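Engineer: These are the residues of each chain, in order.
There are 2 protein chains.
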Amino acid sequence: MTTTITSEADAVIAAARGFLGERISVNRAIREQHSRGEDTTTPTLPDAVAFVETTEEVSRLLALCHQHGVAVTPFGAGTSLEGHVNPVRAGISLDLSRMKAVLEVNEEDMDCLIEPGVTRQELNAFLRDKGMFFPVDPGSHCTIGGMCATRASGTNAVRYGTIRENVLGLEVVLADGRVIQTGGRVRKASNGYDLTRLFIGSEGTLGVITKVRLRLHGIPEAMSAAVCQFPTLAAAVETVITVMQSGIPVARIELLDEDQMEACIRYSKLEGFTALPTLFLEFHGTDAGVKEQAESVEAIAADYGASGFAWATDAESRNRLWQARHDAYWAAVNLKPGHRGITTDVCVPISRLAEAVLGAKEKSRESGLTSCIVGHVGDGNFHCLILFPENDPEGLERAWALDRAIVAQGLSLGGTCSGEHGVGLGKREFLEQEHGPEALAVMRGLKATLDPRGIMNPGKMFRN
Amino acid sequence: MTTTITSEADAVIAAARGFLGERISVNRAIREQHSRGEDTTTPTLPDAVAFVETTEEVSRLLALCHQHGVAVTPFGAGTSLEGHVNPVRAGISLDLSRMKAVLEVNEEDMDCLIEPGVTRQELNAFLRDKGMFFPVDPGSHCTIGGMCATRASGTNAVRYGTIRENVLGLEVVLADGRVIQTGGRVRKASNGYDLTRLFIGSEGTLGVITKVRLRLHGIPEAMSAAVCQFPTLAAAVETVITVMQSGIPVARIELLDEDQMEACIRYSKLEGFTALPTLFLEFHGTDAGVKEQAESVEAIAADYGASGFAWATDAESRNRLWQARHDAYWAAVNLKPGHRGITTDVCVPISRLAEAVLGAKEKSRESGLTSCIVGHVGDGNFHCLILFPENDPEGLERAWALDRAIVAQGLSLGGTCSGEHGVGLGKREFLEQEHGPEALAVMRGLKATLDPRGIMNPGKMFRN
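Chains as they are written, first to last, in this note's numbering: chain A, 179 to 642; chain B, 179 to 642.
Isolated chain A (complex conformation) (with noise of 0.2 angstroms):
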């Protein structure tokens, strides 16, 4: 770990102080808990961790950074799954999870006004009484600036989209402490470049979100979820492409292969399961339209051989289900005591993700290596969360290198390295090989343009 404060550092340091106070901490501890996130990156500590708490503070700190040239790594609450917050050329960890403020709620046009540091569930419990919504649900506790800067999504986008199509603007620090404002209060606009939906997905390399105005929903009237379970994956992933082929409205449809579907019995003791291929569904809507819907897939899902079409009307039943989907990632890791986990985030067009899925549970048992398999597959995207022992370096090399052949199996699917993690540095070597150089060429354009000092988030995203 580089421990060295370079004189450029403690200058900033020294000056940040002036305004930040004790909030600028050189303090060890504090250092290594913004080392890496929940990736297997080697950590690397930043010289300074800073909480700062107002637009003005990250305006101020990013413009010492810009004049000394030390490198700043935005970090939320740390939930990196591809080492974004790995500060690996040192310099400033920026810490804004004490950005928690909900600034405005807007019942009538069913949008609010939050700082970067609130995470979904506290934003959720914030509105729960106002009948309205926040859909974007990636596993994990993360901050919601810290989705905006992945693009992230998770089990509703096959109903309500991505973080992408549910922000509407923006407040973004840029690399010099500039501070615009991108997007606005409209549902659209054809008012020049779209610059929200460009800092959206930058993972922090083009400067820092420091407000994000998102587009809530009403609370549906009716709810439901239900699951099925299969002979074989490959009727669980042929249910899936009928159901979002015949237009019906799910609100979420996710898989688990048998091998995760054993991790849940055991981790969150879901009674009246096997271990076998499963869908996990939920319908929106009216108390008709969700019965609709929910026989639909029913008779789909029969088709293929589906058994114990179980539902969950009421609310207790569906939120057991869905903490033990949301848990899925800890109840994999749990399944071998002494195991870690990587995973993997292909996305690929619908009709390549039987292909896919099967291809990926095949090279996992060619591995040797137990792999436990989840996806939002509704939208194409599915994670192998491959187990391999810890302190074993060998064992993580022949994990990194099945990761290798999944990505590389989906991208010649037509599909994605990364539907909802990012680049970061995990996916690095894939993008140039996604995008063509050209295209690839304009990203570090644009880049060099906005940060041209390469101080944000520095050696993610693009290999040197």
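It should be emphasised that the hints constitute simulated quantities derived from the structure, not laboratory data.
Given the structure is predicted, the values throughout are model-derived calculations rather than measurements.
Incorrect hints may appear among the rest.
It does not matter which identical chain is used: a pair holds within one copy or between any two.
Think about it this way: if two alpha-carbon atoms lie no more than 25 angstroms apart in a straight line, the pair counts; the simulated SDA-like pairs of lysine to any residue are [stated by the list, open to error]:
1) LYS308 / GLU416
2) LYS539 / THR220
3) LYS469 / GLY396
4) LYS539 / GLU436
5) LYS308 / GLY425
6) LYS514 / GLU186
7) LYS308 / LYS514
8) LYS541 / GLN423
9) LYS308 / LEU618
10) LYS278 / HIS319
11) LYS308 / ASP481
12) LYS539 / ARG606
13) LYS308 / GLN423
14) LYS541 / PRO567
15) LYS308 / SER529
16) LYS514 / GLU568
Starting from the known structure of chain A, fit chain B onto it as the hints suggest.
Structural biologist: Below, chain B alone, put in the same frame as chain A:
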């Protein structure tokens, strides 16, 4: 009109003749056809019009123009209302209307790959027997390339999104002739900067779109249209707000004010209606779902004093109704013989819609000019078509003053100067006011990065 051909343009034309032959034309009538769109700007003759047929030709031509510093103004169907296709700095008018191939249709994934000269009507005719449709429907026979360039929407956007949400990827020729691919075939991705969204709405100022991959939608099992009329404009607008807040998934909800209805009744011979503020609605879904949606809206409308909730479930009646809606512009222009029209494109948060629409009507009355209002009001977007006597400079000036006043009011209500028509020449003065100088500087920076010689549709979007 400029008719001098500069020596640089001469050099481009001579060189381009080598690969375009007769398809680069200096014929005066052809240049006049390409001197403006459906706007009221002063026409400018391009030095030549190039009828390109392949990406390779666009690339070679742009490389030439880049080398010689000659302006390029992309031209599709010439339907722009904001002066986008007016070649204000002469040079080459790049006519893409012959690039009309439908290159791929993937029924399983519900996507297609097309060339930019395909119109939405042509695409939908092509798709009809495949059970799919493309929902984005501006009120003209515009090309899909032009729709991408202006971030177009239309009557279905409230349910299906604008073109922004319905484009999966693009092929773009950059100013210097390089060709890039953006996006891909997947529904979602977190794999680098969102170049697709950067070019959507860039109005030909960053590059030329030569291929478009579109998301398609299944033709709904059931569709039903409805019309209801209101005693006041306020009652109609309040109905829209309540419907949207209730989360009823209307496919279309369009407002026509009393003057527009009078125009439509005359022009489209709509029988059984009176010249009152009116909503046109459409519902998509299953038989039961459509019925349920329509009943919910009918109940809300009744609360606001609506009369004559007329249904149209058969395709013929529905088409007659929507044809009348699509012809609203021509109906309004024909309302007063010897008049022409200019149209506003304000979009506001829906909570401010009543104020914005009623304010626009009031300002029209005060100005002494006739204006007709139609609107995609589910999105908060409405057009005020202002009629003024042809060949009357004073009348045109008054019409522009009214247009400005309506836009200024929209901005003061948290709205935008353009919901879907774009900036072009007509809305440039509002851009800084909407985004602020810092964000506008970022847009200019992106422009300079991608088009360093400033040849791409110069004079548009930004004031000098």
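Engineer: Of the hints stated earlier, which fail here?
Structural biologist: 2, 6, 7, 8, 9
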